[in-house]
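Undergrad: Residues per chain are reported as follows:
Number of protein chains: 2
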Amino acid sequence: MRLIHPEPGPEIEPIDLIEGAGLRELGATEHFEELGRPFVYSNFAATVNGLAAIEGRSGAIGSETDTQMLMALRRAADAVLVGAGTVRAEQYGMLMPGEEMRRRRRSEGLSEQPLAVVLSGSMDLPWEAGLFSSGEGEVLIATSSGEEPPETATPVQVARFDGEIDLAELMGRLRAEHGVLAMLCEGGPSLHTELVEEELIDDFFLTVSPKLGGGGGPRITSDLPAEVFDLELVWLAEEEGELFSRYRRASA
Amino acid sequence: MRLIHPEPGPEIEPIDLIEGAGLRELGATEHFEELGRPFVYSNFAATVNGLAAIEGRSGAIGSETDTQMLMALRRAADAVLVGAGTVRAEQYGMLMPGEEMRRRRRSEGLSEQPLAVVLSGSMDLPWEAGLFSSGEGEVLIATSSGEEPPETATPVQVARFDGEIDLAELMGRLRAEHGVLAMLCEGGPSLHTELVEEELIDDFFLTVSPKLGGGGGPRITSDLPAEVFDLELVWLAEEEGELFSRYRRASA
Numbered sequence: 035m036r037l038i039h040p041e042p043g044p045e046i047e048p049i050d051l052i053e054g055a056g057l058r059e060l061g062a063t064e065h066f067e068e069l070g071r072p073f074v075y076s077n078f079a080a081t082v083n084g085l086a087a088i089e090g091r092s093g094a095i096g097s098e099t100d101t102q103m104l105m106a107l108r109r110a111a112d113a114v115l116v117g118a119g120t121v122r123a124e125q126y127g128m129l130m131p132g133e134e135m136r137r138r139r140r141s142e143g144l145s146e147q148p149l150a151v152v153l154s155g156s157m158d159l160p161w162e163a164g165l166f167s168s169g170e171g172e173v174l175i176a177t178s179s180g181e182e183p184p185e186t187a188t189p190v191q192v193a194r195f196d197g198e199i200d201l202a203e204l205m206g207r208l209r210a211e212h213g214v215l216a217m218l219c220e221g222g223p224s225l226h227t228e229l230v231e232e233e234l235i236d237d238f239f240l241t242v243s244p245k246l247g248g249g250g251g252p253r254i255t256s257d258l259p260a261e262v263f264d265l266e267l268v269w270l271a272e273e274e275g276e277l278f279s280r281y282r283r284a285s286a
Numbered sequence: 035m036r037l038i039h040p041e042p043g044p045e046i047e048p049i050d051l052i053e054g055a056g057l058r059e060l061g062a063t064e065h066f067e068e069l070g071r072p073f074v075y076s077n078f079a080a081t082v083n084g085l086a087a088i089e090g091r092s093g094a095i096g097s098e099t100d101t102q103m104l105m106a107l108r109r110a111a112d113a114v115l116v117g118a119g120t121v122r123a124e125q126y127g128m129l130m131p132g133e134e135m136r137r138r139r140r141s142e143g144l145s146e147q148p149l150a151v152v153l154s155g156s157m158d159l160p161w162e163a164g165l166f167s168s169g170e171g172e173v174l175i176a177t178s179s180g181e182e183p184p185e186t187a188t189p190v191q192v193a194r195f196d197g198e199i200d201l202a203e204l205m206g207r208l209r210a211e212h213g214v215l216a217m218l219c220e221g222g223p224s225l226h227t228e229l230v231e232e233e234l235i236d237d238f239f240l241t242v243s244p245k246l247g248g249g250g251g252p253r254i255t256s257d258l259p260a261e262v263f264d265l266e267l268v269w270l271a272e273e274e275g276e277l278f279s280r281y282r283r284a285s286a
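Chains as they are written, first to last, in the working numbering: chain A, 35 to 286; chain B, 35 to 286.
What the hints contain is simulated information worked out from the structure, not anything from laboratory work. Heads up, some of the hints might be wrong.
Stated by the list, open to error - If you want the footprint, here are the derived chain A segments under chain B, 3+ residues with CB under 8 Å:
1) 35-43
2) 74-82
3) 240-247
4) 257-264
5) 267-274
Claimed, not checked - Partial list, derived from the structure: chain A residues whose beta carbon lies under 8 Å from chain B:
6) E89
7) V230
8) I254
In this text, all values refer to a predicted model and were calculated from it rather than measured experimentally. For glycine and all other residues, C-beta sits at the position ideal for the given N, C-alpha and C.
Could you put together the complete structure from these sequences and hints?
TA: What follows is the structure, given as structure tokens:
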């Protein structure tokens, strides 16, 4: 890919583009220390007509380069936040399957796999998916359920909430107890919407694939209130007509 | 605005960018003569999360530059196609209010106003809106209704269809009987979807404003079948974080 905004740039790999963004360093700044939460960023791929999934899966939308972008964004994260529905729909495997990415993380003193933070009201999760069965990394399940998770090859911790899961509190705990400075949110749309509404998200990495999609899938957000939230376009990269944008919440 | 793809360019006004695209010349080519229809292009503004309207109106989405882009796209058109719902929701005025744009059209031997082609199943239209009451330009109503339109200051013709309005037939008539070489479609989403499905649309001019929108408005398309239609990114321009893209149907 190449950067086309704010200035044109030479060919660059997604991993190098994202590494240059210093997302953990952002999370380590005084601003986020005072906020008491990690720097939070999301990643979605959508079609030109705004669909984030076709027939329930996001796979049909982005290219191989989009997958590289997702991996680069995971590589930069201490934790990856994802809703139970998305784990189910996408049958999550381990977050960081590539050896090169794991080597890069080790060389920076990070764990090979980011902490997977799964939100689940009911503790109804696809325990057979690679995320739980690979034995790689660690999962933290945030839940308001009283259920216990089954034995899984991947170590699982549970963070329990009375009633609704309080995202701000969860983020505070992740920073204080798990040292999470940078967290990637991979959706789904309703979790993403909650983060926007509660102003708990800073940057949006959005891939727009040169496609029109059908079948009435979800957008990257579900039901925001009928108002407008301003963003700033931080950068834009392009490859074969696919656009890789980075937006920032204007009030962030 | 400035072009940032396929090559970076100097500052350019929307009217000059669109004039350089030669849309009527495209419609005059042998390809479209053989197809027996105009070159058809659409224009929509959407938020980053894919909303084409907020609280039923598109006005909250695009900037002043987006309005200039719309006017530039109208200026290049022999006809503007729009659904009755959009005429009602946006309370359409005359299509080409600006004197400079009208002057440019006259100097090219075009009528001051493009022909407004309004699709209406029921002939239930906002007759008080400027489109009908200004007396400027001409309206052609394509309808399957047997109703007669009321007397209006703007001259109105009616093209009647038995049952559903056949868009391909309408386009053939527009080319053959009205000399329409280039036609802009301004929506709404369900008309846009029909054009995509029937492969009656060539280029998509999409503005993406740096905003997240709420309130569950429509996308730029409504219910396409659950498949993917490939597009090519022809160009991309930017101003203050707002993106002005031009896509082409890959099979066009």
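Undergrad: Please go over all the hints and tell whether each is borne out by the structure.
TA: Hints, verified against the model:
no., hint, result
1, 35-43, "holds (count 3)"
2, 74-82, "holds (count 3)"
3, 240-247, "holds (count 6)"
4, 257-264, "holds (count 8)"
5, 267-274, "holds (count 3)"
6, E89, "5 Å, holds"
7, V230, "6 Å, holds"
8, I254, "5 Å, holds"
The structure is consistent with each of the numbered hints, conforming to all of them.
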